[in-house]
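Residue numbers (full-length UniProt numbering), protein chains in the order written: chain A, 1 to 563; chain B, 1 to 563; chain C, 1 to 563.
FYI, nobody ran anything at the bench for these hints, they're computed from the structure. It should be emphasised that the depicted structure is a prediction, and the values quoted were computed from it without experimental measurement. Just so you know, not all the hints are guaranteed correct.
[Unchecked claim] Straight-line C-alpha distance at most 30 Å; calculated DSS-like pairs for lysine-lysine:
no. : chain 1 : residue 1 : chain 2 : residue 2
1   : C       : 288       : C       : 207
2   : A       : 149       : B       : 288
3   : B       : 149       : B       : 207
4   : C       : 149       : C       : 207
5   : C       : 149       : A       : 410
6   : B       : 149       : C       : 410
7   : A       : 410       : A       : 288
8   : B       : 149       : C       : 288
9   : B       : 410       : B       : 288
10  : B       : 375       : B       : 207
11  : A       : 375       : A       : 149
12  : A       : 410       : A       : 207
13  : C       : 410       : B       : 288
14  : C       : 149       : A       : 288
15  : A       : 288       : C       : 410
16  : A       : 149       : A       : 207
17  : A       : 149       : B       : 375
18  : C       : 410       : C       : 207
19  : A       : 288       : B       : 288
20  : B       : 149       : B       : 375
21  : B       : 207       : B       : 288
22  : C       : 149       : C       : 288
23  : A       : 288       : A       : 207
24  : C       : 375       : C       : 288
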Amino acid sequence: MEAVSNLVNNVSNLVANVSNFSQPYDENREERASVVIGGNEAMLIEFNAALLADFRHVERTLFALQRNLDDFYFVTLTAITFAMQCGFAFMEVGLVRTKNTTNILLKGTIDAFVGCLSYWLFGYAIAWSQGNSFVGWHHWAFANLPPEKYSEAFYQMIFTNTAATIVSGAVAERLNLPCYFVYGTLLSGFAYPALSRWGWYEGGWLKQMGFRDFGGSGLVHMFSGACALVAAIIIGPRVGRFDPPRQGEASHGQHIPGHSLPFVGLGALLLIFGFLGFNAASQLSLSKPGDGIVITYATLNTLLGASGGALTALFLNRFLPFWGNYWSYLTMMNGSVAGMAAICAGCDSLPSWAAVLSGILGGIAFIVGRAILEKLEVDDPVDGFAIHFCGGLAGLLSAPFLIREGILFKGDAISAVGFGCNLLGAVVIICWAVIWCLPMFAILRWAGVLRIPLEMELAGMDAAKHNELSYPVSAWQEDQHGFDNKILGNNWMPPHTKMHSPLSANLTLRRRDSHVIDSTCPASCPSTEPALLRSVSTLNLGEVNPALDVSVPVLTTKRSTAL
Amino acid sequence: MEAVSNLVNNVSNLVANVSNFSQPYDENREERASVVIGGNEAMLIEFNAALLADFRHVERTLFALQRNLDDFYFVTLTAITFAMQCGFAFMEVGLVRTKNTTNILLKGTIDAFVGCLSYWLFGYAIAWSQGNSFVGWHHWAFANLPPEKYSEAFYQMIFTNTAATIVSGAVAERLNLPCYFVYGTLLSGFAYPALSRWGWYEGGWLKQMGFRDFGGSGLVHMFSGACALVAAIIIGPRVGRFDPPRQGEASHGQHIPGHSLPFVGLGALLLIFGFLGFNAASQLSLSKPGDGIVITYATLNTLLGASGGALTALFLNRFLPFWGNYWSYLTMMNGSVAGMAAICAGCDSLPSWAAVLSGILGGIAFIVGRAILEKLEVDDPVDGFAIHFCGGLAGLLSAPFLIREGILFKGDAISAVGFGCNLLGAVVIICWAVIWCLPMFAILRWAGVLRIPLEMELAGMDAAKHNELSYPVSAWQEDQHGFDNKILGNNWMPPHTKMHSPLSANLTLRRRDSHVIDSTCPASCPSTEPALLRSVSTLNLGEVNPALDVSVPVLTTKRSTAL
Amino acid sequence: MEAVSNLVNNVSNLVANVSNFSQPYDENREERASVVIGGNEAMLIEFNAALLADFRHVERTLFALQRNLDDFYFVTLTAITFAMQCGFAFMEVGLVRTKNTTNILLKGTIDAFVGCLSYWLFGYAIAWSQGNSFVGWHHWAFANLPPEKYSEAFYQMIFTNTAATIVSGAVAERLNLPCYFVYGTLLSGFAYPALSRWGWYEGGWLKQMGFRDFGGSGLVHMFSGACALVAAIIIGPRVGRFDPPRQGEASHGQHIPGHSLPFVGLGALLLIFGFLGFNAASQLSLSKPGDGIVITYATLNTLLGASGGALTALFLNRFLPFWGNYWSYLTMMNGSVAGMAAICAGCDSLPSWAAVLSGILGGIAFIVGRAILEKLEVDDPVDGFAIHFCGGLAGLLSAPFLIREGILFKGDAISAVGFGCNLLGAVVIICWAVIWCLPMFAILRWAGVLRIPLEMELAGMDAAKHNELSYPVSAWQEDQHGFDNKILGNNWMPPHTKMHSPLSANLTLRRRDSHVIDSTCPASCPSTEPALLRSVSTLNLGEVNPALDVSVPVLTTKRSTAL
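Let the hints inform the model, and build the full structure from the sequences given.
Set out below in structure tokens:
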């Protein structure tokens with residue numbers, strides 16, 4: 001019985017020890033435990049009952065925590081993945097001209113909205129609900145979806161937006177807005193969901209064969225890149241992009257630069273940020289043993305792939321003799337995205353060096369794809385095809401060789417079959433993209449609604465369709481600063497303004513066209529200028545509110561003199 | 001005794017099995033377990049003691065992990081919520097003119113700093129510390145705050161900044177900077193914290209009655225929207241915003257467009273990103289059973305609400321005959337924010353379709369509110385009232401109908417009382433906003449410090465108050481590129497420059513005003529131009545450092561010729 | 001035996017209770033448990049065996065979850081930390097002129113790529129693998145790295161990029177690109193990793209002495225700030241930054257403003273966002289008891305430090321009589337970064353008020369450092385030295401006083417030794433920076449490859465090195481909008497365009513240089529203008545594709561008239 005008393009001591013020590021730790025759920029555990037352990041067999045039985053009760057509590061707590069964590073995992077990474085939407089939008093914004101900036105912003109943003117609703121209504125049911133190997137048909141609009149499936153459904157909803165976004169870049173500056181709703185709804189709600197079921201759903205036919213695409217090199221990037229190509233071919237190049245050859249020149253495309261490289265950079269960096277969440281979430285679980293390591297590999301490899309792709313594209317563009325031998329920032333960033341598109345397929349199980357290699361292959365594929373489209377005179381303003389299709393293809397086909405259980409390491413029949421399945425998958429993806437996009441865009445073109453009229457293309461859609469200039473001139477009229485030193489004086493300036501203040505020298509500079517136009521135009525362009533002048537005057541004077549009793553006569557006077 | 005030997009076998013198998021798994025905390029568990037199980041009753045007792053020890057260890061580990069996860073949950077989502085600060089700032093930046101961009105940036109950013117310090121010093125104590133139903137009075141400046149409460153306090157600190165930020169948009173381009181410190185401190189440190197206590201603190205009087213506002217449709221968005229309205233009315237419209245009617249025109253407001261729609265888009269997208277964290281963190285816990293599902297609903301519904309609000313506002317603006325029938329990007333993004341403001345109230349328990357409906361109601365409310373303010377000639381540059389007040393109101397009043405335990409589903413007395421409480425809450429919120437803002441802004445106006453002088457408003461605050469132009473002309477002087485082909489030559493260009501390089505054609509274009517002014521101004525505007533010319537020369541020549549022994553005489557020469 | 005039957009009842013109740021909760025791993029547990037508990041002693045033995053089995057399962061699940069969470073913790077916060085890369089890039093982008101924007105974007109982005117590969121290949125092995133107190137030499141390129149170490153390695157990889165990025169700002173607008181690869185590889189791959197080993201690795205010699213720098217005030221910020229200073233001194237100021245004194249003026253530096261303050265603001269806000277992740281991840285674990293609280297302190301203090309630093313710098317700049325008494329946004333944001341650099345050293349254990357104080361010290365140090373560099377005529381375009389070195393130094397030296405176990409609270413010998421160690425560490429860091437950077441940059445300068453030629457500096461690197469203008473003029477040619485009202489007509493405008501649409505008044509304004517130049521230049525600058533005109537015509541006409549059968553003759557005609 002010494003053992004028992006030892007036990008009692010031990011247990012009460014333990015209990016004392018444990019009770020230092022707050023245990024909100026069971027206040028009288030101590031009493032129960034100490035009372036119980038007093039007999040022998042009966043004591044043991046009661047002790048065991050108490051232990052069992054505590055144990056079940058811990059067990060329940062743990063499993064509830066697991067489920068919470070899976071939800072939290074999805075929610076957090078989905079939020080980060082949402083940054084990809086911002087990244088894509090700003091890469092596209094930077095690559096169009098100011099006359100179409102509002103338009104591309106609207107398209108790039110509305111993805112998130114139209115895609116979400118379309119996927120909510122149709123896509124999720126088709127892709128992930130019960131059904132056969134090709135299509136599911138339950139839980140339309142999430143009806144009767146069990147609560148524990150919501151977080152994954154939410155993640156898939158954000159995921160799906162990528163497809164439509166990539167296409168919107170390829171048809172930028174010329175697609176008619178209503179068409180955007182048509183193809184956005186169809187691609188996000190039907191085409192992509194079906195494809196994703198084949199390759200990812202447990203019973204999908206491609207997946208059951210052995211097709212393996214962890215993060216979507218094929219199912220997301222190749223597919224949307226192929227759609228982008230079909231759309232770009234059918235809609236035709238932008239006006240001025242591929243002129244007939246001029247005298248003494250080879251027939252080059254006339255590159256049409258976008259209006260803001262910093263926005264491209266911002267978009268690309270946000271895209272990498274979002275991609276880290278995108279590939280981390282593709283494991284679809286955080287609570288199973290080993291999930292953490294897969295998630296780590298996926299994100300680390302994403303960054304290594306981006307690095308490989310970026311530097312490869314940068315150096316190829318710099319040192320190959322075809323592209324003017326410049327250090328092209330745009331090429332580098334596109335290469336990094338291509339590297340990430342390539343890495344997706346096997347990012348869960350590529351060794352680090354193979355991740356870098358995958359990225360390099362993606363960068364090379366991007367450079368090749370870009371050159372081919374240029375040769376074929378297909379106008380893809382954001383290089384969506386070269387980045388996503390070529391990058392994704394490189395990844396989908398190289399992954400079966402490079403992953404840890406792949407051909408290079410194992411070299412057995414199973415790994416070879418994996419390559420075959422991925423090859424088949426690539427063919428299926430291309431066909432599926434063509435099957436959807438060729439008729440859709442052909443019909444829209446035949447109906448005459450695919451492309452905006454030439455006049456609108458020349459003038460830009462921001463003014464015509466949206467009545468919102470991206471950078472309205474009136475908001476940049478900083479000539480308010482300079483020309484009225486006398487009235488504005490310095491009475492409202494902080495006391496020490498008279499010190500050397502280098503910036504004030506510049507203020508005087510900010511005179512824009514108006515004054516210059518005032519003096520030179522009446523002679524040279526009499527027909528259009530009066531309207532111009534009137535608008536200038538209107539605008540400037542409009543900003544002085546005559547209702548206020550502060551007179552600013554000098555403004556008016558000086559302008560009159562200038563005229 | 002066979003059972004015992006079976007048990008011993010089982011246990012040793014288990015032990016062997018378990019020992020594959022690294023258990024760093026108890027190295028001699030195997031010996032102990034195998035030794036112990038050798039007697040009968042004593043064996044059982046010792047075995048139980050060992051099991052209990054292990055169990056308590058697991059229990060402690062689990063509870064420590066729970067607490068860590070709650071902290072991690074807050075920290076991660078708070079970081080994401082911080083992106084809202086960036087989002088608000090850039091929506092506002094895009095909506096002002098360049099002459100006030102630095103000013104609005106400073107205001108939009110200083111929120112985060114002033115609000116944090118103010119909430120740290122006063123707000124947290126008032127809102128969340130022990131006290132009565134109206135106000136708390138412990139833990140000023142987090143003094144003696146228990147460590148486990150820090151993470152929630154941190155989250156509330158970021159949350160509170162939203163209020164002041166929304167007001168700063170409504171008074172943009174005309175508020176005097178010192179006033180900003182006054183109302184920022186008061187709203188973030190006192191008014192909002194008290195209100196949030198009433199509605200969210202366990203013993204808050206509104207909450208105890210049955211007021212229900214999960215994410216802050218009323219407590220955050222309506223409140224700050226109402227403050228914004230009061231402030232906008234008292235400070236009056238910007239110069240030129242509501243001119244008296246011109247000849248032959250109806251009395252419209254003169255819309256004053258902001259300087260950069262892409263920044264508005266960037267801000268809105270970052271805002272959605274931050275909103276996902278904002279509503280996910282409003283559950284205030286990750287470790288309780290069921291938290292995960294609530295967090296999932298909250299974020300999913302946020303996005304669905306944004307989608308509903310965005311598309312509703314877009315289509316209303318496009319197809320109703322009042323606004324020129326354009327596809328307005330700005331309207332869409334404002335609608336999406338209004339949809340999110342509406343969804344907050346019930347985002348934890350709205351079914352998906354109801355979330356979309358809430359967003360739609362928010363979008364409609366935004367459109368209506370915007371039209372009313374336009375009619376009343378109140379100038380709110382960022383539509384803060386229409387978005388946040390109207391959107392929030394729509395959400396606060398619709399949530400009691402639409403949530404799972406709401407009037408539409410239950411239709412019982414309890415749910416009806418919930419609606420009554422929310423209605424009362426809305427009235428309280430409006431009154432509270434007026435009680436604080438009306439005297440505060442009226443006094444500031446009476447004291448003559450509320451609004452900047454007219455001259456400064458015309459000239460812009462960036463130059464006058466900040467001496468920092470948002471886009472200094474001198475930094476955009478790219479005429480360095482073009483006019484000196486002869487000296488710059490191509491000696492420093494990469495070897496293959498002579499190839500067709502489309503961009504170089506553009507370089508020559510980037511001549512700004514200076515040269516044109518050189519030739520035309522001496523005749524037409526003699527009085528001010530010499531100063532201008534001098535500054536031009538100074539500036540350009542200043543960039544050639546005479547101390548360096550590289551002479552660039554042609555620069556000087558050509559300029560002289562031009563003069 | 002009543003106890004036993006009670007027990008059986010209890011247990012079966014429990015089992016029923018538990019079985020409501022889905023337990024996927026052990027379907028027949030109920031039967032086993034109920035069958036087993038039927039004898040007496042044998043029953044107990046079998047019951048215990050079953051309990052043990054369940055317990056081991058829970059134990060395994062918990063430990064697997066802990067490991068997953070540590071990985072998830074690193075991955076999530078690393079993604080957020082990656083936003084710092086974006087933040088640094090855009091602070092730098094905003095602070096250079098448009099002629100070098102592409103260049104600085106490329107440098108700021110390539111960090112992430114070159115740094116990652118360099119750290120992957122060399123840095124990790126040097127810093128964190130087995131070795132002595134100074135250097136490690138295993139796991140080059142992550143070879144044979146155990147899977148559970150990947151997530152921390154990934155985080156350290158992102159962390160390391162900070163060092164190179166800060167230097168890139170200090171040599172902006174004049175460093176030759178190839179040098180960037182040299183120092184990027186050396187700093188990220190060798191210099192910083194060795195230093196971080198000394199201060200952070202368990203057996204590092206500085207750490208073993210008692211050096212304490214939780215988040216890198218010294219090891220990251222001071223080090224990179226010191227490197228930046230050495231680089232800036234050796235490369236010399238930008239042309240025009242420090243002219244010899246002009247007549248009647250003191251010898252001031254000529255401030256060269258950057259081209260976009262909003263980008264600076266965007267960068268700074270993203271930097272704060274990323275910093276929250278950066279300091280939260282420095283705890284390096286989420287699963288140990290107490291980790292959550294440390295993480296919370298670290299992030300909360302980061303924000304408080306940023307607030308203190310920002311407001312301090314803002315007010316000093318406004319009210320001290322040395323800097324023109326403006327409310328400088330740039331100064332405020334730099335102050336906030338300096339405050340965060342200062343807070344890093346002790347952010348895990350500073351009380352809140354001490355965090356604010358640390359930030360204030362950082363802000364003061366920044367202001368002082370900036371003034372000193374200005375006096376010494378060292379040109380650091382982004383104030384990298386003043387922000388990171390001075391801010392970091394303030395933090396590293398103040399932390400031993402202010403932390404909870406510091407000199408102010410304890411005042412014992414141990415805390416005093418901590419100060420001594422940090423002082424020693426500061427000296428070591430400075431020496432290490434000089435040892436690496438002085439020879440490296442001196443050799444590069446001696447070899448004549450450090451700095452770009454003067455002509456390229458004047459013309460900007462974007463055109464010369466990258467052939468990518470950040471804001472190409474052709475993409476901003478919005479005069480497409482206005483001058484052709486007659487042809488474009490309104491046939492493609494939405495039906496209600498004839499309504500009052502305020503924006504359309506502005507459209508006419510957007511005429512840029514071309515037309516004005518047309519009329520004025522032939523007389524004043526005949527030598528260069530024909531080329532200019534040709535390029536203008538080419539460019540505009542190029543956008544009308546003659547291959548399309550839509551003739552736009554009026555475009556051509558009108559232009560000819562103007563000419």
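Hint by hint, here is what the structure shows:
For the suggested pair residue 288/C and residue 207/C, the alpha carbons sit about 21 Å apart, so the restraint of at most 30 Å is met. In summary, the hint linking residue 149/A to residue 288/B is supported, as the alpha carbons are separated by about 18 Å, within the 30 Å threshold. Restraint check for residue 149/B and residue 207/B: the C-alpha separation of about 21 Å stays at or below 30 Å, so the hint holds. With a CA separation close to 21 Å, the supplied pair residue 149/C and residue 207/C stays within the 30 Å bound.
For the given pair, residue 149/C sits about 25 Å from residue 410/A by alpha-carbon distance, which is consistent with the 30 Å threshold. Annotation: proposed proximity of residue 149/B to residue 410/C holds, straight-line Cα distance about 25 Å (limit 30 Å). In summary, the hint linking residue 410/A to residue 288/A is supported, as the alpha carbons are separated by about 26 Å, within the 30 Å threshold. Only pairs whose Cα atoms come within 30 Å are accepted, and residue 149/B paired with residue 288/C is accepted, the gap being roughly 18 Å.
Restraint check: the Cα-Cα separation between residue 410/B and residue 288/B comes to about 26 Å, which is no more than 30 Å; the hinted pair holds. With a C-alpha separation of about 36 Å, the suggested pair residue 375/B and residue 207/B falls outside the 30 Å cut-off, and the hint is violated. This hinted pair does not check out: residue 375/A and residue 149/A have alpha carbons roughly 47 Å apart, beyond 30 Å. With a CA separation close to 21 Å, the supplied pair residue 410/A and residue 207/A stays within the 30 Å bound.
Between the alpha carbons of residue 410/C and residue 288/B the distance comes to roughly 39 Å, so the proposed pair goes past 30 Å and is violated. The hinted pair formed by residue 149/C and residue 288/A meets the criterion: a straight-line CA distance of about 18 Å does not exceed 30 Å. A hinted pair counts as satisfied when its Cα atoms are at most 30 Å apart, and residue 288/A with residue 410/C does not qualify at roughly 45 Å. About 21 Å separates the Cα atoms of residue 149/A and residue 207/A, which keeps this hinted pair within 30 Å; it holds.
For a cut-off of 30 Å, the pair hint linking residue 149/A to residue 375/B is broken: about 47 Å separates their Cα positions. About 21 Å separates the Cα atoms of residue 410/C and residue 207/C, which keeps this hinted pair within 30 Å; it holds. The straight-line distance between the Cα atoms of residue 288/A and residue 288/B is roughly 20 Å, inside the 30 Å bound, and the hint therefore holds. Restraint check: the Cα-Cα separation between residue 149/B and residue 375/B comes to about 47 Å, which exceeds 30 Å; the hinted pair is violated.
In summary, the hint linking residue 207/B to residue 288/B is supported, as the alpha carbons are separated by about 21 Å, within the 30 Å threshold. Note on residue 149/C and residue 288/C: the hinted pairing holds, with a Cα-Cα distance of about 16 Å set against a maximum of 30 Å. For the suggested pair residue 288/A and residue 207/A, the alpha carbons sit about 21 Å apart, so the restraint of at most 30 Å is met. Proximity of residue 375/C to residue 288/C is assessed by CA-CA distance (about 49 Å); at most 30 Å being required, the pair is judged violated.
Comparing the model with each earlier hint shows violations of hints 10, 11, 13, 15, 17, 20, 24; every other hint is respected.
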